[in-house]
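Protein chains in written order, with this note's numbering: chain D, 1 to 231; chain C, 1 to 231; chain U, 1 to 215; chain X, 1 to 215.
Read the hints as simulated data drawn from the structure, not as lab findings. Note that the Cβ used here is the ideal one computed from N, Cα and C, for glycine as well. Some hints here could point you the wrong way.
[Stated by the list, open to error] With a straight-line Cα cutoff of 30 Å, these simulated DSS-like cross-link-like pairs (lysine-lysine) come out:
{"#": "1", "chain 1": "U", "residue 1": "Lys198", "chain 2": "C", "residue 2": "Lys82"}
{"#": "2", "chain 1": "C", "residue 1": "Lys3", "chain 2": "C", "residue 2": "Lys225"}
{"#": "3", "chain 1": "U", "residue 1": "Lys153", "chain 2": "U", "residue 2": "Lys108"}
{"#": "4", "chain 1": "C", "residue 1": "Lys145", "chain 2": "U", "residue 2": "Lys163"}
{"#": "5", "chain 1": "X", "residue 1": "Lys135", "chain 2": "C", "residue 2": "Lys3"}
[Claimed, not checked] Listed next, the stretches of chain C that the computed footprint assigns to chain X, with coverage defined by at least 3 CB atoms under 8 Å from CB atoms of chain X:
{"#": "6", "region": "111-122"}
{"#": "7", "region": "160-168"}
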Amino acid sequence: MGKLLSSLDSAIQQIEDGATIVVGGFGLSGIPENLIHALRDKGVKDLTVISNNCGVDDAGLGLLLENRQIKKMIASYVGENKLFEQQFLNGELEVELVPQGTLAERLRAGGAGIPAFYTATGVGTEVAEGKEHKEFDGRTYIMEKGLVGDFAFIKAWKSDPFGNLIYRKTARNFNPVVATAGKITIAEVEELVNIGELDPDEIHTPGVYIQKIFVGNHYQKRIEKLTTTNA
Amino acid sequence: MGKLLSSLDSAIQQIEDGATIVVGGFGLSGIPENLIHALRDKGVKDLTVISNNCGVDDAGLGLLLENRQIKKMIASYVGENKLFEQQFLNGELEVELVPQGTLAERLRAGGAGIPAFYTATGVGTEVAEGKEHKEFDGRTYIMEKGLVGDFAFIKAWKSDPFGNLIYRKTARNFNPVVATAGKITIAEVEELVNIGELDPDEIHTPGVYIQKIFVGNHYQKRIEKLTTTNA
Amino acid sequence: MSRQQILERAVKEIQDGMCVNLGIGMPTLIANMIPGDLNVMLQSENGLLGIGPYPNKDEVDPDLINAGKETVTAKAGASFFDSAESFAMIRGGHIDLAILGGMEVSEKGDLANWMIPGKMVKGMGGAMDLVQGAKRIVVIMDHVNKHGESKVKKSCTLPLTGKNVIHCLITDLAVFQFSESGMELIELQNGVTIEQVKSNTEADFTVSSSLEIKG
Amino acid sequence: MSRQQILERAVKEIQDGMCVNLGIGMPTLIANMIPGDLNVMLQSENGLLGIGPYPNKDEVDPDLINAGKETVTAKAGASFFDSAESFAMIRGGHIDLAILGGMEVSEKGDLANWMIPGKMVKGMGGAMDLVQGAKRIVVIMDHVNKHGESKVKKSCTLPLTGKNVIHCLITDLAVFQFSESGMELIELQNGVTIEQVKSNTEADFTVSSSLEIKG
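Next up, chain D with everything else stripped away, as it sits in the complex (with noise of 0.2 Å):
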């Protein structure tokens, strides 16, 4: 069906400075990493990213920070970044903190064409200025848009040609709305499968929303804080 790619090459090239980006994962759990790896590599600059987090100092997104690519971030949460708080206080960097479930149905929103919603979330703090507020039910809620990026890239587990997409365990948080909140949606996976081979019932992301696959062949799958119960 010409969606699977032998390089993310093509893919990557397409991408031009001032584009945005929507890249699934949470903290450094189901990112994108070759996606990530080969758009450092490219060094396309002025970029928008959109996701929960925005990496470590020298993994995920923060390669990104590193090369002086990202010039607005959208994240809900950036703590364990240090070189992103150093542009940030530059002002190199643009940020624009939503909280998690906002950010998670912004996105769905996005890919479902649903231009804005409203929620409770952030109502009373500085999320809320500026924002549209109504009552519903007596209950104050404000305005949220959605979100589509002009790329979306996404990490699952299996896919098979068409892109019909599973996620294992907890890396799949971001991902599946991620997938359906791009223009361009690129995938990378661990493991291709023949057509046919996904229970239809299993699957997590239908391949509608998915234009390129890439298989991945090396994930370093690093872990943040190891914590076991015998540590």
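Given chain D, put chains C, U and X in place with the hints provided.
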């Protein structure tokens, strides 16, 4: 965990005249047959029923129509049902027709704590009359409100004792969104499995949404339109 | 016969790699006409992407139906999902093409296909979502009704399904495309003249220059 | 020691059958203290309902972490889901209880726990969603800061996480409940007097009649 019912009597006993009940299924596929029968037997009246369809004359929600238990129906398509027409023309039955995608999203929104959202569906039609209109990026949208029922009736294939659910094929349809949109959600299922038996990656509805579980012992699964290659 | 012409023309709208929603009724018949070398995924708004052919008698499964409530099968690569996801797909612009039946079409690209006042109210089902959400909307219908009156109108008289939503109209007489500049006749069905189309059309339309040359 | 008292009191908020979200940091420690005879499902907002204990060294899985990015396990009956579903669950009022850390609490039930102006901006994560969505919000924190200043205030001075959202506050000195009629002292920690609480609290509060009797 106390969610398992040995009979539907106690659960149905809580439902009073005038209650709002959200019901899963599409046509006669994936409908909560046992719950509908129990509700018919209980005879509770003046119900508001929210469901994509209203069954057929002698099956599904059509049984409640036949028994004159429904005061108001919120649905997207009721064309299979002559009793419906008759009661509607008599003025016995109030009807709110909602586009199917808007109905699905209103239920999802209700379950997700979103009181309202904007959609282009219905703009310029009867559906838009009296609703708030708003422009986003030059396109006009209307505001639609979240829906929540006093009770939600759904049908799943498998459940564990916590109420983690798996649906089968297109019998999934509205059931997962309806599951989220009831103050009390009762799931009837074909098969109960032990806790831990369902793969956590394959669960469609997490048990947090389910208050009661009933294992039905007979499913009619009537087919509305039998179409075969050799027919 | 005229229906066959409509369907044969409609199937040409479907291209390799597309995800397509075929409306209930006449559009459903297009499924069987899609060339086997095209890789097309048909969506059914009750929660299936990848509709297969009707089942053999022993494959029939009440848990596997299409939006018209007919028993179907799922092809290799199919997926099942819930109704909210299904319409997220539709409303979010992820479906490439919807081919829908029509009762009336206006020169502005309005569609009426869900309700006849005074008759039984059936409901709009997913039609209003599809016309706003799918990337391309093709309507197929007879050009005139059984009384010989044009169904291609200046303005629709029936309640609308969507305003200014149609990209292409295929009738038993002709094919029209819709754009900012209005409604344009782009093809004639076999043996039909421009005059015939004009005399059977209430709507104002322009004639494509490429068509004038052929005609 | 004072932390242990807070945690021991907090765990009493958890009842059989509940779905509970424990915030990052001190609240996470409550997980290990839940009595084994209670059937409780812990939610992690990155997409897990049914957090199990930390893994053995050979069970560690980078694809299985909690919202604090710690490696965890999933208990029997757990489910995985995406972030939109996770917050649908939270925002929609399906989580029975959230126990969160606090920097400041006001007598009106406002919570500030995400940002100190002038310090590194970390972001609010899921805290703003939890305080608006979960059915019951319990905040646990030290009563005073390291300079001896009360963190239980008339009004919060730090940026808010939520306004009028707290149901219960548990500190190393006391337990308060919040209602329409204001903030009420309902319990004293072991060996603490009402006078001690009063002198360490900037907020105005009433004292529960049942407490006066005991005291």
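Quick rundown of the hints versus the structure:
{"no.": "1", "hint": "Lys198/U / Lys82/C", "in the structure": "violated (40 Å)"}
{"no.": "2", "hint": "Lys3/C / Lys225/C", "in the structure": "violated (35 Å)"}
{"no.": "3", "hint": "Lys153/U / Lys108/U", "in the structure": "holds (9 Å)"}
{"no.": "4", "hint": "Lys145/C / Lys163/U", "in the structure": "holds (22 Å)"}
{"no.": "5", "hint": "Lys135/X / Lys3/C", "in the structure": "holds (20 Å)"}
{"no.": "6", "hint": "111-122", "in the structure": "holds (count 4)"}
{"no.": "7", "hint": "160-168", "in the structure": "holds (count 4)"}
Checked against the numbered hints given earlier, the structure breaks hints 1, 2 and satisfies all the rest.
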